[in-house]
Every structure is written in structure tokens, then in C-alpha cells.
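Asker: Make the complex out of the two chains shown on their own, each in a separate frame, by following the hints.
Spelled out, the chains give:
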Amino acid sequence: MTLVIDNVIKKYPIRQSKSVVNALNGISLNISKGQTLGIVGESGCGKSTLARLIVGLESPTQGAITWRDNVLLRGSKNQWRNHLSPAQLVFQDPYSSLNPRQRIGECIKEVIVAHNLRQKEEIDSRVTELLKVVGMSEDMKNRYPHQLSGGQRQRVSIARALAAEPELLILDEPVSALDVSVRADVMNLLVDLRKEFGLTYLFISHDLSMVRHISDVIAVMYLGRVVELGTWDEVLDNPQHPYTKALIAAIPDHSQVGQMDLTVSLEGEVPSPTNIPLGCAFHVRCPIAVPNCSKMIPQLLPIKSSQSVACSEVVK
Amino acid sequence: MRSLISLQGLSIKTSSDGRSLTSDVNISLIEGEALGIVGESGSGKTLTALSILGLLPRGVEVASGEINFNGENLLSIDPERLRGIRGKEISMVYQDPMTALNPVMTVGNQLLEVLDCHNHDVKDPESHVKQSLIEVGIPDPDRALKSYPHEFSGGMRQRVVIAMSLLLSPKLLIADEPTTALDVTIQRQILSLVSRQRSRRQMSMLWITHDLGVVANLVDRVAVMYAGRIVEVGTTKQIFNSPQHPYTQGLLASLPVASSRSRNRLASIPGVPPKPWLVGQSCSFADRCQFAHKKCRESLPLLDARGTKSVACFYPIASSI
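Chains as they are written, first to last, in this note's numbering: chain A, 85 to 400; chain B, 126 to 446.
Okay, chain B solo, but in the shape it has when bound (with noise of 0.2 angstroms):
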């Protein structure tokens, strides 16, 4: 199968410094695959998607690596043609939708400004437009429209920066965190739309997100990242069910499951995790990790592939598979 897009040996790090934030990221997808990309704050989860779409934040930069998007190196290209890439054939969906959208622009004109941008050619820009918003859910199109961001709650507002992304079919959707900042049961209609969304349009999906239960039914694979490496990645159902790298386990067992009766202690993980420039050539879980042995502070374990699913460990969690 031909990957859509494709990170290679993906480093970043401090521009002033060389502090590395994320180290030798290597990510695959075909088409129409979603891939959830989980990780706790700091892991470097974010900064792997700001950099697909080369909207790395000042002071930071790529050090090394390839981010190839059908057959182009989007590092090495010339920027306007990013330009055109971004936003029509990879777009993307924030956490917080008040600051992704123009709180002085209608909503109306923030969509239609999509079109003009990508100087894409519709017959009727305007009812173009409404029916994006239609099939994201919202109410009354025609007065949406003509309202401002501030008019809407935070879940209609994500629907519209949802309606905005998928307004020029991109191949490629990133979200980043869109429903961290929702109530649950407004998470679930945006994860049901998106889900929705994607099978209908054969959309591939990057979801970045802290939450584990989110991902669970969304995704077809999950990729785990810890200190700015992927330790781990794996079909959904072998991440869940059969968790081989020990931060993966501990990550799943310190959850309270939602629909189990059990009250017992909480399994923890002791200790935070490290700042990735810190980490050098060792395992940097070793530290908090319960089946450390010498090796793991001595050598640093690399992703291994084995079938479809790979663990950066010298002693992976025997799998029950």
C-alpha cells in the first residue's frame, strides 16, 4: 500500500540551543487510514503535526528528517507551493476554537476566505459554504453565516472550525486536541461527526491527543509518544488490549475505567516524565519504569518491528496476542 504521507527520521529541536524536543519520529499513513498520536504534555506530539504543516512556533526547527506527502518533501519545498498544500490538501483543527478563528471576520467571510485563498473555482461560493456548515450540524446556516465566532458556544464553534478544514476535501485531516475543551457529551457528537465525516469522504486522519479513551474507538492505530519518541505503535486494538512497552501498560492501568465496578488503587507511575533533551543514549522511561534493567541505562532501545506492531524496548510486556 502507497503511504499517503510519511515522517522519516523527524528530529526537532531549539533553535538557539539545539535542545532536542523530538527525536528520530518516523510515522506512516495510507489512505484513508487515522492514525491517533497519544502522549502526555511535552512528549512532542504536537510539535510532530505543527511540523507536517510547517507552522512550527519561533525558536523551533526541524533538525533532520523527511516529511514526505505524496511523493514531495514538504521540508524541502518551495513555500508557496506549502502554501497550497496546507489547508486544502492537509488541514487542521485545534484544540481551542476561539483562538482559531477571526473573532472580528463573520463566519461567513472566514469560509468564503478559504475558497478565495486556494483560489478554488465553485459555482455558487455562498451556498458552498452553507452546506459545509450543514453537514457539520449547525442550525440555521444563513444566520451562522453572518454571525461572529463570540455568538457561538464552544462546541458549534469547533463544528465550525471542522466545517472550515474539510471545506476543500483535504486528504489529510490533523486534529490537534479538538475536544479537549468540550463537555462529554459534546465531545461525542464532534467525535461522531469527524468519524462520520472521514468514512464518508475515504479521509486519512492524524488525531493527537492526551486522551486514551478518545482514540480507543476512533482510530485504526495508535502511536505512543514519551519524551519526544515514539515508544510504541500499534493496530488500536493491540495498544488496548496488548500493551507491550511498560509506559504504554502504565499509561492504560492508571485509568479508572468508566464502565467497571472496581474501586481499587489507581496504578501509578512514579515519578514525571523527563525533559527529552535531557534523555541522551538511554531509555527514557528507564527511570520510571519497573522492569529497568542495566541495558535500558546504557543503550537506547529503538523502535523494532514486529508484524504490524513495534515497541522501543529492550524487554517488552510479553504480548497475549
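With the rest of the complex left out, here is chain A (with noise of 0.2 angstroms):
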């Protein structure tokens, strides 16, 4: 195992109304070398906050982030930075996750250097290879971010991820900002890269069929807590969390015009992360709800060998 989050759970105390924002409920997953991991879920599941745990933006309230074996503490500075190097953030929104006033060029130097991974005589050709690999040409070095379109901006920011050459990458919603007919070329570029590189990949998104594209593995995520979690093929063919159906469900789908009806699949909303319902956190908006539901809290418990389930009517 590469990666591995042990049950984890974040808290953000807000001071002035003395709640707090539960986050992370209690989160277990492993991603090995060479896979890929896809989250999916909606906003406020929790998905970005354990990007930014991983790479060490947050420490978490409780339990542990092990990376090869290593359990990662917000220790030292410079035990976080030889973390960091491994892996590496890729931020939804390239518009915002690059600085306006710095080239192109600058912007991935800088990495090299604060991570001191080349001769100072090195690094210039080590920027032109860097844009070549995430298809951008040399003279992109002296553009600004405001020069370049969106899905340039995001192959810049791979490129200066790879800069810190990481084992791990983990892209937040990577593709979400971009245009449609751009979409595919970078999806393409980080299958590639995977390949190219060896790269084991987080990939986060509420687009299960971005999701589902790249992923060897994938967690649904609700409120906090991992819902399923199986093989790619087996949560789409198969799902079995009722959260899961629904998701699945209410994917605009294009293959199948008019054959769609809009019937609603899920009522209701996500309940506040600063008031999760007791018991199972999906209960109150469940179509298979028992009474049982709003006591316990179900753990995610396997149904065969590579998918897990946490639901007490599904687990039986």
C-alpha cells in the first residue's frame, strides 16, 4: 500500500456559534501503487477536505495518513516538505490556483527549487521538458497565466505538479472549470501521464462519468463517510448503497434522448455537515429507510471481495 487513510476525522470548530463542522466522519482507504482511486459525491461530502489532509494543507482532528509506512504528523517543516514532494495537489480552478503576475516559466521553477531537485545550470531545460510532457511548447515560458486558456492553465498546473516529480497526484475536480470540448484533452493528457510516469492517482470529482472514465477503484462518498466503495465497473453495474442508485441515476445522460424521464431520484438535500443526522447520515432522505437507520451507524462492510457497502438494509 502506498497510501493509506486510517480512519480519519476532521472538525472544524466555527468560534462563533460554537458547532462544529464535521467534515470527516471517519474515513479508511488504501490506494496502492499504480491505481487509481476516483471520490465522487457532493459538495460538502468532505472530498476536498481529505485532499488537502493528504497533502498535509490540514492535519487531521483524529486517526492517521500513512504514506509508506510512515505515519504522517504535522510535525517539522521539513518533515512535511519530503511529503510534499510525493504528492502533489491539482487544484479545480486554474484561474485561481495560479499567480496572475508570475510567468509560466517562473511558476514551475520555483518548484524545482524550493525542492531542490536540479543543478541550478539544469533547471531551465528541465521547465521545457516539464511543458513538453503536458503538451505546451517552450515559448509558453514567458506568457502569463492571463494569456493562456483554461485548459492550457490546467496543463500548467499538472506540469507543475510533475515538477516535484510526485508518486502521487491528487486532482481535485481537475476537469470541472474547463470547457466541454476541453475536457477530453486533458482527461486524455492525465491517463497518459499515469501511464508514462507511473502515477498513482486521487482523483475527485462529482462527475461520476469523469469519474468512472479513469478510475481503477471508486469510494462514494456522503456526508464525511465512504457510502460504497468497489472496482469501477462494479459500482456503476452493480451499485448497492441507495445513495449510489441515485447518484447513478441522476446523471444527465446524452446517449439516451428522450428515453430519460426527469422523474426526481432523490428528494430532499444533504443535511448540514454541522448537523448530521444520527445514525446512518443518508437515512433521512432514504427511499429503503427502517426505523433501525436512525440509530446506528452502519459500517462499511464487504459484500464480496473488492466491494464494500455501508448500509444495514443492504448488509444483512
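For the record, the hints were derived by calculation from the structure and aren't laboratory data.
From a predicted model like this one, the values you see are computed outputs, not experimental measurements.
Here a beta-carbon is modelled for each residue, glycine too, at the ideal position from N, C-alpha and C.
Just to be clear, a hint being listed does not mean it is correct.
[Said to hold, decoys possible] Selected chain A positions facing chain B (Cβ under 8 angstroms, derived; list incomplete):
#, residue
1, 267
2, 268
3, 296
4, 331
5, 353
6, 391
Answerer: Here it is, written out as C-alpha cells:
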């Protein structure tokens, strides 16, 4: 196992109202080398918090994240820097994740210098190489982010992440902010890079059709917990958790013109993470809920070797 | 069939330097019909919608063309008359419900304001607006009326905006990416709500989106915009099942199909859309098109009516229907 997330809890206290945002409520996940784990869920499910914890932008309230058998705690700065290099984060919005006043070349160079990865005289050729890897020409070095299109900017973000020579790339909604015709390009690039450099991916998205396309294993999250985990085809072909089923049913599908009725797949809304329902957090919207669901938090239990579900009505 | 609204040769330019943003847009909707305008950012879809209501941002103006609504040209009528039409006969739902609502006014007062502005006489305005919230599925409408927009979730805010837009039973509803900011399960709820209200009210609808999946099961016809022009228009079935413009086809091919189990390489369209004002007298898609010939770079293909479907391409992909 390359990365082990063991029963991680993350709470954000709100001073003003003395309440707590329960962003992650006991998450356990593993990623093996070369694997792509897709995380899908709606806003507020904690998927971005998880990304921030793994790269050390935040520390867990409880639980541990282990990287190659080394427990990562928010310790000395150097320890984090060592960790930051093998795990890099690509953000959703390439418009705000790049410094508008920094030329593209500088922005990539900065990473190489910070991690002390190349001799001074090699840096420039390394920047050129990285740009080439993401399909951009050398003359982009002198451009500013505003001179690039959205797709080009996201390519720069990826090149910048690769500059740290990571083993694990955490991709937090990497194509959501891009135009439709450009998304396919960036997705193809990610697939190519994975193969070329043997990268491990954590691909986070609200868009199940993108997650489906790239992931080996899919974890479905709801209010800070994993409700279903399985290989990508199991989760899509044979979803077991009622939330997974509703999520799949809600995806607009352009391959079935006029055949899909627009009936609602799921009533109600995701409750606030400051006030998570007792028992199974999904029971208030669940079509198959029984009274017991409000009493016990269902654990993620295997239904076969590679698929697990957190639902006491499914796993009996 | 008489059209409810028709845009004829509508071109929009920047006021200062005359940069062309949309050119020669022709759209018409008959009563009760729903048309989807699909395009990527910068394709001119939102400007086209805003021009109908005379809401173009400062510095952008209609350069030529006509917008006929119910026999009146909206571009030349008295501003007071346009105020009367706006919100009453044609209403609009925007992408971001937070900015569409007034943050310092209760939802109830904002709804009442709509009635007030249009001198709409109803016996009991309070119960009228309450009813409108019930219709869009807002739980506890009495409390909702007294609440401020920030007290609602994104999905509920969009329901409020929809309630507001339907309050005076408009003939035409313009929706500009109203579900883009919402989660998929909430998006489905809103699509279902709008679709129900439309058929119940026999209302026409113009739905603007970048997401082909959203309109596939929602509208009757689709117009595809690229670099400020409509490049293809047809029934929803035609556009999705046998696209003739290489851009439409490329766009459809680039989307992963949720229900498919194929994980082949996604087809992509090389390059990026050109700025509409830099296109000139050639096909705007020629530089990205795998089928482009010499002719495509030398003259401008125009929409060519072939039955109910038309495509602005010299070498359209053969129809399979």
C-alpha cells in the first residue's frame, strides 16, 4: 500500500456559533502504487478536505494517514516538505491556482528550486521538458496565465505538480472548470501521464462520468463517510447503496435522447455537516430506510471481496 | 405555426471598438416550444439571451437585427413597454441564484415586489406568493417568506428564483445555466420541476447551457453556437443522434457517456475556439475541423435549411436518418 488513510476524522470548530463542521467522520481508504482511486460525492461530502489532509494543508483531528508505512503527523516543517514532494495536488480552478503576475516558466521553476531537485544549470531545460510532457511548447515560458486558455492553464498546473516529481497526484475536480471540448484533452493527458510515469492518482469529482472514465476503484462519499467502495465497473453496474443508485440515476445522459424521464432520483437535500443526522447520515433521504437506520451508524462492510457498502439494509 | 419569439439576423458588438461578439443569429420559438442553446464559454449564448430582455452589459450593444416578440420588435419599442414585458411575459432564471436575489430583502418581499412592479392585481397577494413557493416545492413556505436568501441552500434559492420567474405566468422563460452551480441530485430535482411547470403552463422556454446532457431530455429543439454563430439547429433527436456539423459531432464524441462501459480514449477537438471577432469570412471551425477543405477557409458557410434541420457547413456529415 502506498497511501493508507486510517479512520480519519476532521472537524472544524466554528467559534461564533460554537458548533462544529464535521467534514470527515471516520474515513478509511487505501491506494496502491499505480492505482487510481476515484472519489465521488456532492458538495459538503468532505472530498476536498480529504485532499487537503493528504498533502498536509490540514492535519486530521483524529486518525492517521500513512505514506509508505510512515505515519504523517503535522511535525517539523522539513518532514512535511519531504512528504509534499511525493504527493502533489492539482486544484479545480486554474484561474485562481496560478499566480497572475508570475510567468509560466517561473511558476514551474519555483517548485524545482523549492524542492532542490536540479542543479542550477539544469533547471531551465527541466522546465522545457515539463511543458513538453503536458503538450505545451517552450515559448509558453514567458507568457502570463491570463494569456492562456483554461485548458492550457490546467496543463500548466499539472506540469507544476509534476515538477515536484510526485508519485501520487491528487486531482481535485481537475476538469470541472473547463469547457466541454477541452475536458477530453485534459482527461486524455492524465491517462497518458499515469502510464508514462507510473503515477498513482486520487481523482476527486462530483461528475461520476469522469470518475468512471479514469478510476480503477471508486469510493462514493456522503457527509464525510464512504458509503460504497468497489471497482469502477462494480460500482456502476451493480451499485448497492441507495445513495450510489440515486447518484447514478441523476446523471444527465445524452446517449438516451427522449428516453429518460426527468423524475426525481432523490428527494431533499444534503443535510448540513454541522448537524449530521443521527445513525446513518443518509436515512433522512433514503427510500429504503427503516426505523433502525436512525439509531446505528452502518459500517462499511464487504459484500464481496472487492465491493463494500455501508448500509444495514443492504448488508444483513 | 405562429412564432412567439423570433430573433432575426441578430448581431451583437462591443460599443467601443465594434468587435463582433455574435453574428447573424436566427432563432424562432413557437408557443409552448422549448429550445436549448448549447455552446462553450464565449460562444455568445448568454449575450443572445440577455439581448432579448434588453439586459446587455454596458459596452455591448445590438448592432443589427430584430427581436420580434408577439408582433413587437423588442429592440425598438419604448423602454417602459419593455419593462412591462420583462418579468411578466418573458422572465429569466440566472446561473447563480445568490446574486439573482437581493441579500437584504426577505424572500416574501422580493416576491411581492414583482407583483407590485407590474401592478398585478390579485385579491390576496400574500397567499398568491405563498402558493408560488408551494408550487416549486419549498417546504414550510410561511417560514420561507420571512427568510433571507442566505438562509437557503443553493438548490432552494434556485427554487425561489424559479417561483419568482413564474409568478406572473410568463409566455417565455429564459434559463441561463440554472443548474450549473448545483449538485447532480439537486440538478435533477430542478430539471424535473421546470419540466413539470412548463408542460402545465404550456410555456415556451429557452434553455442556455454548456452541458449537452442537461438538454438531451428537456427541450424539443437544440441550437449549437460556436464563436458567435449558430452552426447547427435541429430537433433534439437529430442533434444528438445524427449531428451533421463536425463541431456538434466532436462535442458529443468528447463526452464520456455515463451509461457506457467503454473507457477508450476520449475523442477531443484540437485547439480552442477562436475569438468571434477574428473569424472573418471563413468557417469559424475550419482550423479545428478534420474535414476542412480550401473552401472552408475562403468563404463563410451559412445555415442551410434542410427540412427541420439546418447546418452551417459546406461538407456536413452525412445524415443517418
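Asker: Which of the listed hints are broken here?
Answerer: 6
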